[in-house]
Amino acid sequence: MSNMNKTIKELHELLKNGEITSEELVKESLEKAHQLQEECNAFVTIIDDANPEKVTDNLLSGIPYGIKDNYSTKGILTTGSSNTLKDYVPYFNATAIEKLNKAGAVKVTKTVMDEFGMGGTGTTGHTGIVLNPWDKTRICAGSSAGSACAVAAGVYPYALGTDTGDSIRKPAAYCGIVGYKPTYGMISRYGVFPFASSLDHLGVLARNVEDCAIVVDEMKGIDEKDMTSWDSKDINLFANLKEETEGKKLCYIKELCDISSYPNADEELKLHLENFHKTIQKCRDLGIEVEEVSVDRKLLNALFSTYIVIYSAEASSNMSNLTGIIFGPRGNADNYIDMIKDHRTNGFSTLIKRRFIIGSYVLQKENMERYFKNAQRIRRLAVDIWKDLYKKYDAVISPVGIGPAKKIEDINKSHDTNTVTLDEYLCIANFGGFPSITIPNGFVNNLPVGVNITGNCFDDSNVLNIAYTLENALGYKNQIAKEVKNNE
Amino acid sequence: MSKFTKEMVDDYANKLLIGLTEEENKLVLDEFEQIDKQIDLINEIPNIENVTPMTHALDNFVTFLRDDEAKTSDDIDDILANAKDVEGREIQIPKVVD
Chain R
1 MSNMNKTIKE LHELLKNGEI TSEELVKESL EKAHQLQEEC NAFVTIIDDA NPEKVTDNLL
61 SGIPYGIKDN YSTKGILTTG SSNTLKDYVP YFNATAIEKL NKAGAVKVTK TVMDEFGMGG
121 TGTTGHTGIV LNPWDKTRIC AGSSAGSACA VAAGVYPYAL GTDTGDSIRK PAAYCGIVGY
181 KPTYGMISRY GVFPFASSLD HLGVLARNVE DCAIVVDEMK GIDEKDMTSW DSKDINLFAN
241 LKEETEGKKL CYIKELCDIS SYPNADEELK LHLENFHKTI QKCRDLGIEV EEVSVDRKLL
301 NALFSTYIVI YSAEASSNMS NLTGIIFGPR GNADNYIDMI KDHRTNGFST LIKRRFIIGS
361 YVLQKENMER YFKNAQRIRR LAVDIWKDLY KKYDAVISPV GIGPAKKIED INKSHDTNTV
421 TLDEYLCIAN FGGFPSITIP NGFVNNLPVG VNITGNCFDD SNVLNIAYTL ENALGYKNQI
481 AKEVKNNE
Chain C
489 MSKFTKEMVD DYANKLLIGL TEEENKLVLD EFEQIDKQID LINEIPNIEN VTPMTHALDN
549 FVTFLRDDEA KTSDDIDDIL ANAKDVEGRE IQIPKVVD
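Read top to bottom, the protein sequences are chains R and C.
If you use the numbering used here, the first sequence corresponds to residues 1 to 488, in order.
If you use the numbering used here, the second sequence corresponds to residues 489 to 586, in order.
None of these hints come from the bench; they were simulated from the model.
Among the clues, some could well be false.
Unchecked claim - Taking lysine-lysine pairs in the DSSO-like style, the calculated list, with each CA pair at most 27 Å apart, reads:
| no. | chain 1 | residue 1 | chain 2 | residue 2 |
| --- | --- | --- | --- | --- |
| 1 | C | 514 | R | 373 |
| 2 | R | 102 | C | 559 |
| 3 | C | 525 | R | 298 |
| 4 | R | 86 | R | 16 |
| 5 | R | 373 | C | 572 |
| 6 | C | 572 | R | 86 |
It should be emphasised that the depicted structure is a prediction, and the values quoted were computed from it without experimental measurement.
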């Protein structure tokens, strides 16, 4: 019998009643992790010597969980899935990890990610591609690929992720689970490898909204080590979690959600959008008001380039300390310049190198106005539009991606601009720091797809309550991946 | 003719102390072209130059000075244990000044 398929509350009850022990849970979780590693390559490290924890009144005590490999974990390998840090063992914990340690949570794995969080496919980690547990010919998306894979496969009830563009919310959709990133700064970023600091969020992947609320309540809080963190003691996500429909208003964006925007749509995109509109109808059946709104197509289509320009610039600066001198394996050469060059040339994947060069280019004095500053201007224009929407609506609801998980061989397939925009536009929540959650909303070709709800800053409870209400009505909560064989 | 050239990409890579293969160079060039097209679209937005660039996700950060209290810094033994080349209480690194 499997316990790791259960919810956090169910596991806590069993632990408190003495029907199971933390030791048994850790053993089961580790066994499942090793099995999944063989099948899907989800882990950089499986912590075989993980110790069970004393069970207390804290809901997370004694229960195993997974950690994306960009969270610093004291004494445990932390690579960012990069060859440049392949042997790096931090001597301190990220603040979020400290908080979960205090709660008595048991870390059992470090999960594979796209290298330093860059890339949305789960294919660029230094330990190889993470395969989707529903269909091993497909990706999990990224960058929190291993975390999504492991939660979907039932290795533990939750895993930590980070999200700079959609890195929690898209893998959640592709793996049929829930992914939540709270308002920017609600969880301290201290001790998590910076990627693009103005866009980086921490968050969680779980199999239901309630588990997300429980975990983020424990991770959040102001931290003097992160000046962008803020005091959220008045926000109690789990205690305030309830089904709410009265007076709730959502909107969806016509240009993104209407099939007429995609004259070259394939079957999967058509079915995905049909399914999305069924979810809209479900919301209306529940008594939630949903309206269609229009946003300037030109602005929407600029979002992805805006995202690339901003994150490339911030990443090229943030990662300039990766030289092989102070971290990571030293390069082979006679002088320090060539040593650094050897380290960076051989250590970074192609994608990272490309982004660094773009980042460096857009930051040059002569290019900054045209590229970097204009990207930041688009960021403001787009965020202002969303802020205006939040004056009238509780949240924006949208499909996640352009269908179910992509085939591995299709990740570089080119699409028309409108389709790329639909695939990438969730970065708006990073631009504005908005709380944003993906929940599963059905299947396309037997593979899970997701729907996203994004609300205004600091309105996390409202966003979670809407997601909780919808999750209960849709009936896809607590899904465990079942391999699909008929999907060719 | 494109304003982006192979030589330009190699020059930027050199400044970043990164070596590129021919294939990687080509990928960067293609990406530059795509981004440049999008930036052209951005520049078509009326009065874009009058918009204040948004540099961070939130605009209401509260900064304050910490109290001037002495605190324990990272443990030196932890740091030494974390380093590869240690001599006594010092970490050995390559010469990084010319």
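Here is how each hint holds up against the structure:
For the hint pairing residue 514(C) with residue 373(R), the CA-to-CA distance comes to about 26 Å; that is within 27 Å, so the pair holds. Our distance criterion of 27 Å between C-alpha atoms is met by residue 102(R) and residue 559(C), whose separation comes to about 22 Å. The suggested pairing of residue 525(C) with residue 298(R) holds, with an alpha-carbon distance near 12 Å, which does not exceed 27 Å. Between the alpha carbons of residue 86(R) and residue 16(R) the distance comes to roughly 39 Å, so the proposed pair goes past 27 Å and is violated.
A hinted pair counts as satisfied when its Cα atoms are at most 27 Å apart, and residue 373(R) with residue 572(C) does not qualify at roughly 41 Å. A distance of roughly 14 Å separates the Cα atoms of residue 572(C) and residue 86(R); the hinted pair therefore holds under the 27 Å criterion.
Hint compliance for this structure: hints 4, 5 are not met, and every other hint is.
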